[in-house]
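A.B. asks: Use the sequences and the hints to build the structure in full.
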Amino acid sequence: MKKILLMLGTAVLAVIAGCSSSGPVIDYDNSIDFSGYKTFAFISDHPLMRGEGATAASPLLEGRLMRITEDAMSAKGFRIVDNPEAADFAIGFTSGARDKIKVNSYPEPYRPYYGGWGGWGAPYYGGYSGGSNVDVQQYVEGTLAIDIYDVAEHKPAWHGVATKRITDKMRRNPDESLTEIVTEIFEGFPPGAMNP
Numbered sequence: 701m702k703k704i705l706l707m708l709g710t711a712v713l714a715v716i717a718g719c720s721s722s723g724p725v726i727d728y729d730n731s732i733d734f735s736g737y738k739t740f741a742f743i744s745d746h747p748l749m750r751g752e753g754a755t756a757a758s759p760l761l762e763g764r765l766m767r768i769t770e771d772a773m774s775a776k777g778f779r780i781v782d783n784p785e786a787a788d789f790a791i792g793f794t795s796g797a798r799d800k801i802k803v804n805s806y807p808e809p810y811r812p813y814y815g816g817w818g819g820w821g822a823p824y825y826g827g828y829s830g831g832s833n834v835d836v837q838q839y840v841e842g843t844l845a846i847d848i849y850d851v852a853e854h855k856p857a858w859h860g861v862a863t864k865r866i867t868d869k870m871r872r873n874p875d876e877s878l879t880e881i882v883t884e885i886f887e888g889f890p891p892g893a894m895n896p
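Taking the numbering used here, I'd label the letters of the sequence shown as residues 701 to 896.
Worth flagging that the hints you see were computed from the coordinates, not collected in a lab. Incorrect hints may have been included.
[As the list claims (entries may be wrong)] Result set (SDA-like, lysine to any residue): computed pairs, CA atoms no more than 20 Å apart in a straight line:
(1) K864 / E880
(2) K738 / D771
(3) K776 / P891
Predicted, not measured: the structure shown is a model, and the values here were computed from it.
C.D. replies: In structure tokens:
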């Protein structure tokens, strides 16, 4: 009995862990001195690229990302300039979404068998039923990558990416959702800095 309860407890923990969203993944070139960065620009007039196999980039999404990023960088003390060649660093985005299916199988719990009609007749038997319950979830997973390029060196300097399950709330409030995601990604920029 303890073994079955342990298996069920482990399955529940696995489901909870599978539903939680991990934080952003950050990578950067540690040979770059980020402390010299003061100004930034977007890498082009249209800094949003779509991931492989994705449809064309939404101009609304691109505009939101640019505005939210400008606000986030200004809050960190960086100043935007119009010309990417005059900036210390340039920012670009990549986004994509894909349909996902998550399948979980749970063992049926231990069930007693009494046998006979109405519980009369055969003796009590206990045992594992041998069946399982299957839970299938279909959802959309979105990914946003933010890349920072060192203008003087003409090379990638910093990369942050977040992957989230896209919910109905996110679709209804895209500004709020994107602000949260962009802020979360930029918590790691610049590397080594104390962020508020």
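A.B. asks: Can you name, in rising order, the numbers of the hints this structure does not satisfy?
C.D. replies: Every hint satisfied by this model.
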